[in-house]
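A.B. asks: Sequence:
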Amino acid sequence: MSVADASDAMILPESLVNRTNDELQRMARLFTSKTPTNKRDLVGLLIAQTHLPALQRTLELAGEDGRRLLAVAAHGNGLLRTAQACVRDFPLGSWQRDWNYSRAGQQKPSVVLLFFPDEQVMPRTLRMRLAGQLPAPPRPALPTLNGEPPGFAISSDALVDLGLLMESARAGQVQMTLKGPSVVSLRRVAAGLTCPSPHAEADQLRLRCLATLLTACGWLRQQGSLLRTAHAAVDRAGLQDLFARYKAWPHDELLDLDGLRHCHDEYAPISEPVARRRALLGVMRHCPPGVWIDSGAFSRHAAAQDLIDPILEEECQVSIGGEYHGSMSCLGEPGLVAVRDAWVRLVLGCYLAPLGVVEVSLGQLATLPPMDDSFDDSVPDRISHADRVAAFRLTPLGVWLLGLGPEPARVEALPGGWRIQADGSVVALGERIAPADRVLLDKLGERLDERTWRLERDRLIAAMAAGDGLNVLRERLTALAGTALPATVGRLLDEAARRATAITLGPQLLLLNVADPHAREQLLHDRATRELCRDCGSDSLGVDPARLADLRRAARKLGWHIPAPHGH
82 MSVADASDAM ILPESLVNRT NDELQRMARL FTSKTPTNKR DLVGLLIAQT
132 HLPALQRTLE LAGEDGRRLL AVAAHGNGLL RTAQACVRDF PLGSWQRDWN
182 YSRAGQQKPS VVLLFFPDEQ VMPRTLRMRL AGQLPAPPRP ALPTLNGEPP
232 GFAISSDALV DLGLLMESAR AGQVQMTLKG PSVVSLRRVA AGLTCPSPHA
282 EADQLRLRCL ATLLTACGWL RQQGSLLRTA HAAVDRAGLQ DLFARYKAWP
332 HDELLDLDGL RHCHDEYAPI SEPVARRRAL LGVMRHCPPG VWIDSGAFSR
382 HAAAQDLIDP ILEEECQVSI GGEYHGSMSC LGEPGLVAVR DAWVRLVLGC
432 YLAPLGVVEV SLGQLATLPP MDDSFDDSVP DRISHADRVA AFRLTPLGVW
482 LLGLGPEPAR VEALPGGWRI QADGSVVALG ERIAPADRVL LDKLGERLDE
532 RTWRLERDRL IAAMAAGDGL NVLRERLTAL AGTALPATVG RLLDEAARRA
582 TAITLGPQLL LLNVADPHAR EQLLHDRATR ELCRDCGSDS LGVDPARLAD
632 LRRAARKLGW HIPAPHGH
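This note's numbering applies: residue 82 is where the sequence shown begins, and numbers increase by one.
Everything labelled a hint here was simulated from the structure, so no lab data went into it.
Be careful, since some hints might not be right.
Derived CB-CB ranges, DEER-like [claimed, not checked]: (1) A318 x A562: 49 to 55 Å; (2) A378 x D316: 32 to 38 Å; (3) K328 x N227: 29 to 35 Å; (4) P369 x G511: 29 to 35 Å; (5) G511 x G371: 42 to 48 Å; (6) D616 x G563: 53 to 59 Å; (7) E556 x G371: 39 to 45 Å; (8) A547 x P331: 20 to 26 Å; (9) G563 x A222: 51 to 57 Å; (10) P477 x E556: 34 to 40 Å; (11) G563 x L485: 20 to 26 Å; (12) E576 x C617: 41 to 47 Å.
Here are the simulated SDA-like pairs of lysine to any residue, each with C-alpha atoms no more than 25 Å apart in a straight line [said to hold, decoys possible]: (13) K638 x T585; (14) K524 x G486; (15) K328 x L223; (16) K638 x G587; (17) K638 x S621; (18) K328 x G486; (19) K638 x A581; (20) K638 x A596; (21) K638 x D620; (22) K328 x H466; (23) K328 x A581.
Note that the structure is a prediction, hence the values are computed from the model and not measured.
Note that the Cβ used here is the ideal one computed from N, Cα and C, for glycine as well.
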């Protein structure tokens, strides 16, 4: 907003010089008594969108406390909304507007907000100028957890997950569209790649988010050669390219939060998603690798460092659980903080963890702020699927992806292979399972745990009916075992093959209803027609559609009329 625009909005920078020293000192005391997070968020209140003489006058009147406050704002990049919340005895919002937001309904703003236009980020040039004049404030240390994190840690291997999804696409399980693999189809396949375990929900969430990212960023569409090459693996370079695409992805993760209004421009977040995401990754670069960090503490620390707040223009945008009735609306500042923390957890658990940048730990659901306005009790207990992300730690792969260290050593699969037992159980003996082997066994059997499958007759029949021959399946299972298959497994394969091929489709027939028994007998036994039709039971004859014309001509010579099919 320019000075002219500010004047039009009845906010005059010249009014800065008319503020008394007592007023400015009182404001400075109010803000400097708050936490470092809130101190940083003074931006715009004293300096944004003003000219140098008024700025110099403000620095003189604000005193030492005001100078320290301006230093926090100059070296950070906060927004006015959080600064407003620090001063509880002033009304929120730069203007008290009527319901239709017309300018005619505007009233005089509060004293705090008389200085500068609302909802403005400090201009970069002004921020750099202030940063050169004022000392940088000390950055608060990031608290780390001692020992194990709360809940349970979810370990994952991004390359294995990518390999599973790629192998599923090669196996024809993913529907293809003109724009590439279908994201809905890939997410459905991803949901079926997890085994029954206490971590199944987290595994499904990780794989579904990875599937969404692969298609939305256009990465999978660019991997045509990998999709066409059997058993081709995704390497570290491919993962690095996917991470770069995610950093530049224009999608805003805020829209993944449940119940957050975003149906109107006025409900859009102020901070741009790519800049906010990169700012969060910039804060993460200072995290010690391999050390567990509480997600809530990290969110507060990041908010005090840079522009990671997914700030919304109005508090009423936080309507968790739906519109109006039954929603948690009018949450005020706690609601906006809840949205910020939920966004951080969502980025950690649903995007950075699938990419292998971090490892997360799941604990209790994050608590929501108390309701200020609810018409009934039908409100949810969460904001997003990642609300249980309690802690995270930076992985060696994440250190490399963030450009903080060398590429970690590759962990090769240890020898061991598979053991196929007489009861049809297939047990992995090595530490790592190739994605192609896992997709094959998911197709042929039921997964009992992360390393054990049991061959099922119904799934074998379905695989053979889909085109996998008996010899092909026998060879692949023999290759897994590295030895001859148990006799019981061989009989199971033979039985599945017998049942898959016992019933076949014959030629399609057109059914003729013959009301006259003499006509039926003559058509069945006459030398001219008996090769053209067959008996299909009482009062019915069957004829190959391709030979219907011949039968009609022959029947007409015998004195019988057969009508032509509709459309002929």
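A.B. asks: Now look at each hint and say whether the structure bears it out.
C.D. replies: Here is what the structure says about each hint:
For A318 and A562, the hinted distance range of 49 to 55 Å is not satisfied, since their beta carbons lie about 34 Å from each other. Our hint of 32 to 38 Å for A378 and D316 holds, since their Cβ atoms are close to 35 Å apart. Taking the beta carbon of each, K328 and N227 are about 32 Å apart, inside 29 to 35 Å as hinted. Roughly 32 Å separates the CB atoms of P369 and G511, a value that falls within the hinted 29 to 35 Å.
Separation of G511 from G371 is about 25 Å and departs from the stated range, judged on CB atoms against 42 to 48 Å. Remark: the range hint 53 to 59 Å for D616 to G563 is upheld by a beta-carbon distance near 55 Å. E556 and G371 have their C-beta atoms about 44 Å apart, which keeps the hinted 39 to 45 Å range intact. A547 and P331 have their C-beta atoms about 39 Å apart, which leaves the hinted 20 to 26 Å range violated.
Here the CB-CB span from G563 to A222 is close to 54 Å, well matched to the stated 51 to 57 Å. For the hinted restraint 34 to 40 Å between P477 and E556, the CB-CB distance of approximately 38 Å keeps it satisfied. Restraint check, G563 to L485: a C-beta distance of roughly 42 Å breaks the suggested window 20 to 26 Å. For E576 and C617, the Cβ-Cβ distance of about 32 Å falls outside the hinted range of 41 to 47 Å, so the restraint is violated.
For the hint pairing K638 with T585, the CA-to-CA distance comes to about 36 Å; that exceeds 25 Å, so the pair is violated. Taken as a hint, the K524 and G486 pair is broken in the structure, with Cα atoms around 40 Å apart against an allowance of 25 Å. Proximity of K328 to L223 is assessed by CA-CA distance (about 23 Å); at most 25 Å being required, the pair is judged to hold. A C-alpha spacing of about 29 Å is found between K638 and G587, which places the hinted pair above 25 Å, so the restraint is violated.
Annotation: proposed proximity of K638 to S621 holds, straight-line Cα distance about 20 Å (limit 25 Å). A hinted pair counts as satisfied when its Cα atoms are at most 25 Å apart, and K328 with G486 qualifies at roughly 19 Å. Restraint check: the Cα-Cα separation between K638 and A581 comes to about 45 Å, which exceeds 25 Å; the hinted pair is violated. At roughly 19 Å between alpha-carbon atoms, K638 and A596 fall within 25 Å of each other, so this suggested pair holds.
A hinted pair counts as satisfied when its Cα atoms are at most 25 Å apart, and K638 with D620 qualifies at roughly 21 Å. Distance restraint check for K328 and H466: the Cα-Cα separation of roughly 21 Å lies within the 25 Å cut-off, and the hinted pair is therefore satisfied. With a C-alpha separation of about 49 Å, the suggested pair K328 and A581 falls outside the 25 Å cut-off, and the hint is violated.
Hint compliance for this structure: hints 1, 5, 8, 11, 12, 13, 14, 16, 19, 23 are broken, all remaining hints hold.
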